[in-house]
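Asker: The lines below spell out each chain.
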Amino acid sequence: MFRNIKMVGTKMIGGLLGWTESRSGAIGFVQPILMHRVPRDAKWWYVFGSASLMFFSIQVVTGILLATMYAPSAAEAYSSLQYIDQQVPFGWMLRALHAWSSNAMILMVVIHMSQVFLHASFKFPRELMWMVGVLLLFCTLALAFTGQIMRWDQDAYWGLGIGAAIVDRVPMLGNQMRNVMLGGPYIGGATLSRFFALHVFVLPGLTIALIGAHMALILKNGISEMPKPGMVVDPKTYVVEYEERIKKNGVPFMPDAAQHDMVFCGLMLIIVGVLAAYLGPVGPNGIPNPTIIDANPRPDYAFLWIFTAMALMPPQIETAVLLIAPPIVVMLLLGLPLISNRGERAPSRRPGAVLAYVLIATALGTLTWLGVVSAWSPVMDAWTSLPTPVKYLVGRTPLEMQGALVMQHSQCRNCHSLGGEGGLRGPNLDNVGSRKSWDQLVRQVQQGGGNMPAYGKNLSSAETTAVVAFMTTLRNAGAPESTIPGAMERQSSPDQAPTSVASEAGK
Amino acid sequence: MSTAFKNIASLLGVIVVATCLQACGKISATDPDDTVVVSLPQAAMANYAENCSACHGANGVNGAARQLADANYLASVGRESLINITTNGVPGGFCPGSGPASLAHWNPKQVADFVDGLLDAWGKNGVALSIPWSVKLSPAGNASSGQAVYAAACQSCHGAPNFKGVTAAGSVTDPNYLRLITDQGLRSAILFGRPERGMPGWSGPFPHQAADRKLSSQEISDVVAFLRSTASQKQ
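Listed in order, the protein sequences are those of chains A and B.
Residue 345 in my numbering sits at position 345 of the first sequence, with consecutive numbering throughout.
Heads up, my numbering is the position in the second sequence plus 1000, with the first residue counted as 1.
FYI, nobody ran anything at the bench for these hints, they're computed from the structure.
Hints may be right or wrong, so weigh each one.
[Said to hold, decoys possible] Derived DSS-like pairs: lysine-lysine, alpha-carbon spacing no greater than 30 Å straight-line:
#, chain 1, residue 1, chain 2, residue 2
1, B, Lys1164, A, Lys391
2, B, Lys1164, A, Lys457
3, A, Lys220, A, Lys236
4, B, Lys1214, B, Lys1124
5, A, Lys391, A, Lys436
6, A, Lys436, B, Lys1164
7, A, Lys391, B, Lys1124
Using the sequences and the hints, build the whole thing.
Answerer: Okay, structure coming up:
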C-alpha cells in the first residue's frame, strides 16, 4: 500500500520531469553545467567567483523587495528610507542586507580578480573571460556608486558633487556631460531619477548579461588548473593538453567542487547576515544640504581611495590626471591578457606581476586607510568653534561681516582654514582675494570643483554675494589697517556683483 | 646576551612606569572631587568656545556677530530670552544657538547652566536699558519718520540710503545685507551699538546731535522700518 503510493509518486514526478524536459530541454541545458569536469586541485582558491555570484543574487532579491517600497523622488526618498527602517517589519534588515552584501560582493570580486591575476588564469584561452570579468568589475562598482546615491543623503550629495566636478573638467564637453549626468546644472530631483533608472534597470540588466557570458565562457574553456612552475601555456598545444588532463584527473563540478563553494558561500552568508543584524543599514546620514553637515561626509569604502587621491594631488595636475588616468587604467585592465597570454603561470616565476600587484594593492590600501583617518577630511566643529580671525574683520562693511558669518555658518571652514585654523581639505583662504576674481569666486561657490561641493541653490544670492564680498577682502598685502570710525578706504559696492549671480541663484 | 637582556628589562621597566602613570592619570580624571571643582562659568566658557566663539568672537568680543561679553546687553536681554535664543538660535538669522542645526544639542538643563555661567562671567553689574530690547515689545515703526532719523543720526557714517560709494562704516542699506540680518539684529545693533567696531549705541554720541540726545524706542523702530523700506524700494 505504502510502497504503491511511493511508486506512483515517483512515477508522477518522473513523468512531470519528462514532460517538461521534452518541451524545454532544461535538464539537457543544466546538466552539462552541473556535471562539467573541473580540475581536481580546484579547491578553496576557486570559491570567490561563486561567492560573488551568490552576493549578486542576494542583491537582486533584496533590491527587488526594496524597490517596491522606495520612492525615487528627491522629496520622498529620504522619508521612504526612514519608513522602511522604522515601519516595515524587518525593513531595516532588508536594507542592511542589501548594503552589506554589496560591500561583500565588491570584496569577493576583488579577491577573485586578485586570484585570477596572481595565478595568471587569464592567459590563453581565457582572455575573453578576463575581459568580461573586468567589465563585471566596473558594473559592480557602478552599482555600488549609484546605490550609494539612492540613500539621497549627505554622503550621496557629496559623492555626486565630486563626480560632477570630475566630469565638468572634460575639455569642451564637460558642461554638457555634467548636465546629462545630473539632469541639469545642479544636483536635484532629475538627478535621482536618472541614477535610479541606472541602478535598478540598466546596470543590473547589463550585469546579468555579462554574468551569462562569463559562465558560458567558463563552460567553453573550463576552469584553469592550479599553476605549477615550469608548466607553461602555449596556445598551440594548450587546449589538447588541458582536455587530456581533465579527462584523466578531473572531477565533475557537482558534487565534488561545488562542496567547497557551498561551504564557503554558507559561511559568508552567515557573516554578512550577522554583520547586517549587528551593524544595521547604512545611512541615510542627514538630509542632503551642504549647509547642514552633521555627519562626516565621505564616499563608501570602495571609492574612498579616489577621494584621498584627489585630496592629495596638487591642484595643477588634478585635471590632467583625472582625464588621462582612467582611460589608461581601463585599457591596461582590459588589455592585460593581450599583453601576455602565454608562458609561465606560477607566481614564483612571475616576480614582475607579483610586484606590480603588491604595489597596486598597497597603494589602494594606503589611500583607503588615509581616507578613513585623514586630516583633510573636514573638521566638523570648525564652523562653531574657530573664531573668524579678528584681523580679517577690521574695517569690513556690514555686508562683508555677514559674509564672514556665511563662511562660518555654511561650514566653509570645516574644509578651509583662515589664519592657520580650520580644515585642510581645501586650500587656505587667507589670500584668496588676490588669487581669484569676483566671478571666479562666485563660480567656485556655486559650482564647486575638485573636492568641493557645489553650493548651488543652497546659498541664496544674498548669501553668495556676501561671502564672495568677504573673500575679496582676504588679501595678504592689502589687509586694510584702518580702524573704524574714520577711514574706510575701500568699500566694494554691491554693484560689483555680476547681475547673473543674483538672477541665477534666485531662480 | 646580557646586554640584550638588560635592554629588554629596561624596556619593560619603561612600559610598567608608563602604564602606572597612565593609570594614575585616569584615576585622577574620574576622581569625583575633580569634576565637582570645575566651576560653572568655566564649563560655560568651554561650551561657549566650542559652540559660539566662531561667530560671537573668542571671549565674547570681536566676532563677526554681535559681542556677547557686554554686561548691559545681557541684563537688557534677560535670562529668559537668552535661554530662548540659546535653545533655538535666531530664526531667519545665522545663529544656530544650541539647536538642531548646531553640534551642541543641549538639553534644557545644560542650556540653563550655560546661560547662568554666561551671566556670571560677563553679566556682573549689568544695567538693563529703560527701553525694550525685543522687537516684539517695541512700538511699530514708521518708515518716513525713520528716514529723518537716519539722515540725522546715521547718514554721516553709513552714507545716504542706497549710496554705492565708499562710506566710513559701510552701507547698511545694501539690499543683500538687509536680506541677511533680522529686524532684531538691526534693533540690537542700534540699541547697543557694536562698541568694538565704533558703532555707537542708542545713547550716542551721534554726530550733529546734542551729546545727551538719545534715540527713543519709537525712533529706533522707525529707523529699522526705514532700512527695510530701502531694500523693497530697490526691488
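Asker: For every hint, state whether the structure bears it out.
Answerer: Right, here's what the structure says about each hint:
no.: 1; hint: B:Lys1164 x A:Lys391; result: holds (25 Å)
no.: 2; hint: B:Lys1164 x A:Lys457; result: holds (27 Å)
no.: 3; hint: A:Lys220 x A:Lys236; result: holds (17 Å)
no.: 4; hint: B:Lys1214 x B:Lys1124; result: holds (24 Å)
no.: 5; hint: A:Lys391 x A:Lys436; result: holds (20 Å)
no.: 6; hint: A:Lys436 x B:Lys1164; result: holds (23 Å)
no.: 7; hint: A:Lys391 x B:Lys1124; result: holds (29 Å)
Of the numbered hints given earlier, the model fails none.
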